[in-house]
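Protein chains: 2
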Amino acid sequence: MIDLPTRLAELRDDRTHGASELARMALAIAADWSRDCPADDPAELLNQLRRLAARLTDLRPSMAPVANLIGNWRDSLPDDPDRPLPELRETAARLARLARAESEAAFAKTASDAAALVANGSTILTHSVSSTVREAIHQLRDSSVKVILTESRPGLEGRLLARQLSEWKIPVTVITDAAMALFLPRCDLALVGADSITSVGDVVNKSGTFLLALAAREHNVPFYVCAESFKQRPPGMPDPILEEMDPAELGVPDLPGVEASNIYFDVTPARLVTAWIDESGCRREW
Amino acid sequence: MIDLPTRLAELRDDRTHGASELARMALAIAADWSRDCPADDPAELLNQLRRLAARLTDLRPSMAPVANLIGNWRDSLPDDPDRPLPELRETAARLARLARAESEAAFAKTASDAAALVANGSTILTHSVSSTVREAIHQLRDSSVKVILTESRPGLEGRLLARQLSEWKIPVTVITDAAMALFLPRCDLALVGADSITSVGDVVNKSGTFLLALAAREHNVPFYVCAESFKQRPPGMPDPILEEMDPAELGVPDLPGVEASNIYFDVTPARLVTAWIDESGCRREW
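Here the protein sequences line up with chains V and Y, keeping their order. Residues in the first sequence are numbered consecutively from 1, following our numbering. Residues in the second sequence are numbered consecutively from 1, following our numbering.
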């Protein structure tokens with residue numbers, strides 16, 4: 001039996017996975033709840049599943065893939081009170097698993113679309129860690145690419161990406177976040193992922209992405225964003241909340257009148273984006 | 001007696017003081033050497049002092065204030081072989097002390113010129129630590145200003161500045177270097193110092209200054225550079241060397257194919273500078 005409160009709390013508190021991975025976790029909960037939730041008849045089951053969909057979306061309100069994938073799943077539930085209950089349970093669970101598989105396929109296709117843009121021997125600059133960018137680089141491991149990556153304060157997740165690329169034998173140079181403008185002139189492209197993309201093509205991503213985009217424009221280096229279409233914020237979704245994380249992560253000494261501010265995300269305007277890449281390919285205008 | 005080799009080695013190896021402070025250290029060496037150097041006659045003394053000037057300048061070739069202040073001192077030495085040796089020694093030492101005092105006066109005046117630009121209640125964003133910016137903020141301590149400052153990787157010297165401002169009871173918010181673009185819209189101005197300024201007004205300063213200037217232009221926030229005129233690179237001085245410091249400062253794990261690059265300085269183009277402030281005031285065109 002699914003332990004729903006625990007699973008929901010895990011989803012709510014997760015700080016290590018990206019938005020798409022969290023959406024797939026939400027779909028896994030939906031599949032398990034379809035099978036296990038208390039319901040005596042089809043109408044009651046559909047009611048339960050729709051309420052779960054609302055709760056899942058509310059748990060991570062700033063995560064577009066959760067809203068999109070769970071919303072699609074909810075909308076695809078057959079509104080058919082005459083079906084046998086076990087069949088309806090199985091259909092709902094299957095639809096959730098299908099949505100998960102679609103999300104994974106979109107992720108893989110987006111990564112290969114991004115990899116296709118990168119010429120042999122290119123030097124790529126990336127900021128923070130995006131699973132889609134990491135997968136694109138993985139697909140480029142025999143293409144003599146080099147990667148310059150930022151350490152990405154405060155979490156320093158750039159070091160984790162460096163370790164992964166080292167295992168794939170891809171040459172890596174790690175720089176401070178502040179050095180992005182200095183290193184762009186020796187790069188062929190900047191490539192980042194996105195937490196979400198707004199309805200006008202603005203890119204919500206790790207703090208510093210906006211600076212990278214400004215520096216890329218300054219140096220005439222193309223600035224690419226790869227994010228599967230599920231990351232597009234649906235119309236009517238509220239503006240992205242730029243969540244403030246624990247200021248203690250900055251390690252600032254406790255002093256009178258001194259505070260730290262630790263906002264993880266910024267919003268890069270669409271006009272600074274050379275192209276957006278998703279599972280349908282590459283678009284140069286939003 | 002001056003221990004010249006030790007004093008020269010200290011000057012060569014100093015990584016904690018700014019360029020102007022190093023220039024004043026060089027002038028202190030010049031004053032002491034004027035008094036103590038071996039010389040039997042005025043011509044030999046002048047020869048010794050000119051050789052010292054060349055050595056001092058060569059020790060820190062990328063530091064414009066050293067070249068400027070030591071060069072000015074050398075050029076001011078009286079070319080008068082008929083003066084008594086003790087008087088010539090005293091004159092040379094006095095000229096070095098005078099140049100030091102002029103440098104200090106220029107520093108203080110530059111800081112007060114910068115402070116004069118800042119309206120009561122302003123929020124100032126600064127990056128890294130400049131002694132001139134720090135002094136300007138000190139002069140603003142009763143003007144209800146707030147300061148947002150970057151931690152400034154890899155040395156995290158922003159924490160030291162936060163401690164100083166806390167003692168002066170100036171409210172401080174510390175942010176990551178990557179968050180500069182995010183916080184500029186809530187600032188009235190960006191204010192930085194400079195390591196040196198090139199003959200066309202480009203600004204050599206801590207890595208990340210270029211990104212701050214790009215973000216300031218993007219957000220229409222004025223970007224001010226305060227640096228006494230001794231920091232202007234003299235015509236004919238070679239292009240600034242963007243020194244690479246110890247990559248170990250980035251703390252990147254030792255992995256095959258992974259290197260760190262730790263360049264401390266970048267060069268912000270003059271066209272991104274709203275105004276340059278020195279001891280003569282504020283100029284809006286170079």
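Source of the hints: derived by calculation from the structure; they are not laboratory data. Hints should not be assumed to be uniformly reliable.
Under the rule of at most 16 Å between Cα atoms (straight-line distance), these lysine to aspartate or glutamate pairs were calculated in the EDC-like manner [unchecked claim]:
| no. | chain 1 | residue 1 | chain 2 | residue 2 |
| --- | --- | --- | --- | --- |
| 1 | V | K169 | V | E218 |
| 2 | V | K169 | Y | E259 |
| 3 | Y | K169 | Y | E218 |
| 4 | Y | K109 | Y | E135 |
| 5 | Y | K169 | V | E135 |
| 6 | Y | K109 | Y | E279 |
| 7 | V | K109 | V | D80 |
| 8 | V | K146 | Y | E259 |
| 9 | V | K169 | V | D188 |
| 10 | Y | K146 | V | D188 |
| 11 | Y | K146 | Y | E167 |
| 12 | V | K146 | V | E167 |
| 13 | V | K146 | V | E104 |
| 14 | Y | K169 | V | E259 |
| 15 | V | K109 | V | E259 |
| 16 | Y | K146 | Y | D80 |
| 17 | Y | K169 | Y | D142 |
| 18 | V | K169 | Y | D254 |
**Restraint check for K169/V with D188/V, where alpha carbons must lie at most 16 Å apart** = At roughly 20 Å apart (the allowed maximum being 16 Å), D188/V and K169/V break the hint.
For the pair supplied as a hint, K169/V and E218/V, is the alpha-carbon distance within the 16 Å limit? Violated. K169/V to E218/V sits at ~31 Å, over the 16 Å cutoff.
- Item | Holds or violated: K169/Y to E135/V, with C-alpha atoms at most 16 Å apart | Given that 16 Å is the threshold and the Cα spacing comes to 49 Å, the pair is violated.
Self-check item: Hinted pair K146/V and E259/Y, Cα distance within 16 Å
Solution: holds, 12 Å
>> Just to be careful, I want the Cα atoms of K169/Y and D142/Y compared with a cutoff of 16 Å; is the pair within it?
In response: Between K169/Y and D142/Y the Cα gap is close to 9 Å, so the pair holds against 16 Å.
Self-check item: Restraint status (C-alpha distance of K169/V to D254/Y at most 16 Å)
Solution: At roughly 14 Å apart (the allowed maximum being 16 Å), D254/Y and K169/V satisfy the hint.
| query | Regarding the pair K146/Y and E167/Y, is the alpha-carbon distance no greater than 16 Å? | reply | Cα-Cα ~14 Å, so holds.
**Request:** Compare the distance between the alpha carbons of K109/V and E259/V with 16 Å, and conclude whether the hinted pair is satisfied.
**Result:** violated, 43 Å
Q) Are the Cα atoms of K109/V and D80/V separated by 16 Å or less? A) violated, 34 Å
- Task: Quickly compare the C-alpha distance for K109/Y and E279/Y to 16 Å and report which way the hint goes.
- Result: holds, 5 Å
What's the verdict on K169/V and E259/Y, does the C-alpha distance respect the 16 Å limit or exceed it? The given pair, whose Cα atoms are some 13 Å apart, holds under the 16 Å limit.
Straight-line Cα separation of K169/Y and E218/Y no greater than 16 Å?
The hint is violated at about 31 Å.
Hint violations for this structure: numbers 1, 3, 5, 7, 9, 10, 13, 15 and 16, all remaining hints satisfied.
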